[in-house]
Amino acid sequence: MVRVDGNGGTQSLVRVRGLNKTYSRGGEKIQVLQGLNLDVDQGDFVAFMGPSGSGKTTLLNLLGGLDVPSAGSITVAGDEITHMSGSKLTQWRARHVGFIFQMYNLIPVLTAYQNVELPLLLTKLSGSDRRKHVETALAVVGLADRVDHYPRQLSGGQEQRVTIARAIVSDPTFLLCDEPTGDLDRKSADEIMALIEELVGKYGKTVLMVTHDPVVAARAHTTLHLEKGLLVEGKASSPQSVLAGGAA
Amino acid sequence: MKFRKLIFANLFRKKIRLILTVGSFAIALVLFTFLAVVKSAFNRGVELAGADRLIVVDRVGLMNLMPISYADKIAAIPGVKAVTHDHWFGGVYQDEKNFFPQFVIDVENHRKVYPEFIVPDVQWNTFVKDRQGAIAGAKLAERFHWKVGDRIPIKTTLYGGATWEFNLDGIYHTEKPDGDQGQFWLQWKYFDENVPSVIKSTAGWYILRLESPDDAVRVAKAIDEKFANSPHETKTETESAFASYFAKQFGNIEFLILTIGGVVFFTLLLVTGNTVAISVRERTSELGVLKAIGFTDRSVLFLVLAESLAIASFGGVLGLALAILTIPGISAAVTGLLPPLLLSKPMLLLGLGFALLVGAASGLLPGIGAMRMRVVNALRRA
Amino acid sequence: MAIPLTYNFRSVKARWTSAIVAVVGIAGTVGVFVAMLSLAKGFRATLVSSGSPDNALIVRGGATSEMTSGVGLDSVKIIQDAPGIARGPNGPLVTAEAVLMAPIPLRSTGTDANVEVRGVSPNVLEIRKGVRIVQGRMFSPGLAEIVVGKNANTTYSGLTLGNTIGLGTMQWKVVGVFDAGGSAFDSEVWGDPHLLTAAYNRPDTFFQSVTAHLTSPEALTPLKDALTTDPRLNVDVTREIDYYAKQSTRMTTLITTLGGFVAFVMAIGAVFGALNTMYSAVADRGREIATMRALGFGGPSVVFSFLIEALLISFVGGLLGCLAVLRLNGVTTSTINFQTFSNLAFAFKITPSLLVEGVFFALVMGVLGGFFPAVRAARLPVATALREL
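Which chain is which? The protein sequence lines are D, P and C, in order.
Straight run, no breaks: the first sequence in the working numbering ends on number 372.
Straight run, no breaks: the second sequence in the working numbering ends on number 474.
Straight run, no breaks: the third sequence in the working numbering ends on number 391.
Just chain D, same shape as in the assembly (with noise of 0.2 Å):
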C-alpha cells in the first residue's frame, strides 16, 4: 500500500516521513524537497513523474543511499538511513539496494559476467556459489547466451538487462529505477518494462522508479507526481504539469 500524507503504519517496508532537501548553487539555496512523506510496502510498484528540476532523481538518490537529505527521516526494512555514517551506508546500500541508471553503467572493460558479478564480490560467497547467483540472474533477463560479452558487443537494450541481472543478483530488498528506458527505442523499452513487471510479478521485488514517459509510469502500480518538492497521488493537478513533466 502507498501513501503519501506521513500516515502509514509501521509495517512499511521504506517509511520516508518529513524530507528536506535543499542544494546551494552559486551562492543561491533551491529547496527541492520539501517536508516529503512517503509509504512504501514489500511488493509495490511505484512510478515518479515530475517536470524536470522537480527533484525526482534527489530524491531517488536519497531513498538509496547515494546522498543526505537536509532534514527528515528514511527507514527502510527497520534501518533508518539518514543518520548511518558514510561506511555503513555504503555496506547497507550494497546489501538493500539495486540500481537500474538510464544510461545503463557497465563497465565496459568487464564481461556480462563479471559486472552482474561486481556486487557479489562485497560478499563472502564463494567463487561458485557467485557462479550460481550471476546465472540466475542472467537467465532472469533472458541472456544465458551472451555472459561473456563485452557490453559494447551488446544492443542497448540488452545492456539494460544486463543492468538489471546486476540490479538483481544480490536479492536487494527493494530496486531503484532512473528512467530505465530513457535512451531505449519503444521495442526494446517495451520488453525491459515487460521484465520489470516480471520481477515485481513473479518474484515479488519492490520497484520505485523515475521516469517522465507516462506510457512507462502506466506499468506500474502506482504513479506519484513530485509537485513543489512533495508527492502527489494519482493524476497531475493540471494538463500543464503533465506537458511539464514529460520534458524530464
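Accuracy of the hints is not assured; some may be wrong.
Listed next, the stretches of chain C that the computed footprint assigns to chain D, with coverage defined by at least 3 CB atoms under 8 Å from CB atoms of chain D [as the list claims (entries may be wrong)]:
hint, stretch
1, 10-22
2, 297-305
3, 350-361
Straight-line Cα separation of at most 25 Å, DMTMM-like style, residue types lysine to aspartate or glutamate; simulated pairs [unchecked claim]:
hint, chain 1, residue 1, chain 2, residue 2
4, P, Lys247, C, Asp238
5, P, Lys189, C, Asp244
6, C, Lys15, D, Asp272
7, P, Lys231, P, Glu257
8, P, Lys204, P, Glu139
9, P, Lys340, P, Glu329
10, D, Lys248, C, Glu290
FYI, nobody ran anything at the bench for these hints, they're computed from the structure.
Predicted model only: the values in this text are computed from it and were never measured.
The C-beta atom is built at its ideal place from N, Cα and C for all residues, glycine as well.
Place chains P and C on chain D using the hints.
Leaving out everything else, chains P and C in the frame of chain D:
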C-alpha cells in the same frame, strides 16, 4: 586584449592538469640547464684557453722537468712575445679533500703571458718582494674564507713531506665571470731554494704568448726543432689543444651524461606537448561554440596558441628560476672535481627558446585542426 | 571486498596510449638511475678489485697517490726485511715499482690519454695473484719489452701483441697481454723498472711505491708498526685494497652527484607524467567509479584499486627501464681518474640488487603518482557522476 580573460579562464579550468603541465616544462628546463652547465664545465679548460698561447712540455712525459735555461732560448724565437714557466706544486691544504691547483709561477713574466688574471698593483708589488708570498683566486679565497695577510700552510707531497707556509699577499679576479678563479700561486725563487737538488733550476712546463695567433704553427715547430736531439726534447702545442686532451679523456663520461640527458629532455618536451595537444582536442566542442557565436577561425587558432605558449613560458621561466636556485648547490657538491658550474645568458635563452618552440608546436597542430573544423561538426563532438 | 584486479588490468590495457606516457617516463628514470649508479659502481669496483687484502702498499709519508710518492732504493732494502712480509723461493715477495704517465693515443678519438706505465719486479705475478698472462708471455727483465693489460690493449692504439711503440726515449715491444680481473691494472702497461726510469730520464734508484705480499691479512699491523717507527724511513703503509678504494672516491662522488641530480629531476618529471595519466584516468572513468561506489564498494576499495593500477603501470615502467639498460652491463668506457691523473678503463656494473633498487624506485614513483588521483576517485560525488553524460 579581450582574449586575455578567456585564455586565462581556460587555462585555470583544470588546475591540476595545468600545474602538472607547467611543472613538466619546468622540469625539462631544469634538466636542460643542468646539462648545458655540465658540458660547459667539462670543456671549461678549452673554452678559456688563450688563442695566442702555446704550451711547451717535455716530450718524454708530462711529469718530466726541463732546464730553466730553455726560457731565454724560447724567448729568442721570432714571434714570441713573452715566456713564463710553471711547476705543479700539488700539495695538500689541511685535508686531501680540499683539493685545489697550486702553481709555482715565474713572477717576472707571468702577467705578460696571462693578462686575464687581474691583481691590484699594490698586492702584486707586495707579492713580488715577498719570497714566501702567495696569491689566490677570488673563488678559492671565498671557499676557505681567506683574507689578504693570512698565513697558509701547505704540505708538499711531490717534493718531500714538509709543510711550507705562505703569506697570502693578494687575490686575483678574472674579467670574465667563468674564468678560473680557483688557482693558488707561489714564487719560483722560494720553490727553487727549498727543493731537492734534482729539481733545482727546472721548469715544469713553459707557456708563451705569441705576437699573433697566426704564428702558432710556425713557432711551435721552431721550438721543437730547436730542442730536438737534446736531453730534453720538447712538444709544443696551443693551449686549447693541450686542454682538450684532458677534456677528451673525460669524453665518455661527458658523452654519456649528455646523451642520456638530451634524450630525456626531448622526451619530456614531447610528452608535455602531447598533453597540451590532448587538452585542446578535448575542448573541440567549446571552440565550435565560439565559432558559432562569431569568433573568426583565426582567432580560435590564436586562442589555442596563446594558451599553449602561456603554459610553455610559465613552465620555462619557472624551470630556469629553479635551475638558478639549485645549480649553485650542485656546483658546491662537486667543487674540486669539476670547474664551477656556471649559467650564462645564452644558455638560459636557448632553453627558453626550446620550451617556447615545443609550446608553439603542441598548440599549432590541434589549433589548426580547430581552426579548420566546421562549426556543425565541432558542436556535435562530445 | 576488493574491486577485481581484472578491472585494473583491462582498464590500463584499454587506455594504453595514455598509460604509455607514464610508463615511458618511469622507464626512462629507472634506466638513468640504474645506468648512473652502475657507472659509479663499475668505476669503484675496478679500483677496489685492484687491491687485495693480503697485500700492503708502501709509499712515501704524506703522498696522496703513487704518482706523488718517491721511495729510494735504500729504503726498499730496509722495507723488504720487515716483519709480516711473505717470502718466496727467491726472497721476500716485494715489488718495488716505478710509476709513470705516458701519452698514448685513445683508439676512440685519436688524441692522447695519460696512460699509467708501471715498472714492476720480475716476481710481480706472485704478489698480485689476481693477474695472469692470457696472450704471449711475461716480459724478460733487462729487455725493452712490455706487457699490457687487456683494457689497455683495446682502449689505446698501438698496444697490440707483437707491436713496437715508443715510450720515453726507447722503443718497446709488446710481448704479452694480461688479465687483471677487471681492476685498474687492466688499463696499465708493465715493464722493467730500471729501463723505464732510464727511458724517462729519471734517477734509477728511485721508485714510486713498494707493494708487499703479507704472510696473512693480519700481518699488516706488525709491518706498519715496524716501518712507521723506523727512523730511517718516512713511509705510509696501507692495505692495498683500502688504498684503491680511496683512489676512487672523487670520481665516484662526481658521477653519483651529477647522475643523481639527473635521475632526481627525471623522477619528478616521471611522477608528473604518472599523475597526469592517473588523473585523466579518474576523470574519464568517473561514471564507472561512481557505479562501483553505488554498488557498495567503499572509499578504501577505490583508493586501493587506483593505487594498484598506478603500481601496475610503474612496475612495468621499472622493468622496461631495467631491461633497456641491462645491455650496458660490462660495456667498457674510460675516463681520467682525478686522483692519479691517469686514464682508467672500467665497465658498467649492474648488479641484481641495483635492479631491485631500480624497480623499487619505480614503485615509489607509482605510489606518488597514484595516491592523490586515487583519493580523488574515492571522493567523487557519486550522485552527480552517475548521471554524467
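Now the hints, each set against the structure:
1. Counting residues of the stretch 10-22 of chain C whose beta carbon lies closer than 8 Å to any beta carbon of chain D gives 4, which reaches the threshold of three, so the coverage claim holds.
2. Counting residues of the stretch 297-305 of chain C whose CB lies closer than 8 Å to any CB of chain D gives 5, which reaches the minimum of 3, so the coverage claim holds.
3. With 0 residues bearing a CB less than 8 Å from a CB of chain D, the stretch 350-361 of chain C misses the requirement of three and the coverage assertion fails.
4. Using a Cα cut-off of 25 Å, the hinted pair Lys247 of chain P and Asp238 of chain C holds, with the two alpha carbons roughly 15 Å apart.
5. For the suggested pair Lys189 of chain P and Asp244 of chain C, the alpha carbons sit about 16 Å apart, so the restraint of at most 25 Å is met.
6. With a C-alpha separation of about 18 Å, the suggested pairing of Lys15 of chain C with Asp272 of chain D holds against the 25 Å cut-off.
7. A distance of roughly 21 Å separates the Cα atoms of Lys231 of chain P and Glu257 of chain P; the hinted pair therefore holds under the 25 Å criterion.
8. Restraint check for Lys204 of chain P and Glu139 of chain P: satisfied, since their Cα atoms lie roughly 20 Å apart, inside the 25 Å limit.
9. Distance hint between Lys340 of chain P and Glu329 of chain P is fulfilled; the C-alpha atoms sit about 16 Å from each other, no more than 25 Å.
10. Restraint check for Lys248 of chain D and Glu290 of chain C: the C-alpha separation of about 23 Å stays at or below 25 Å, so the hint holds.
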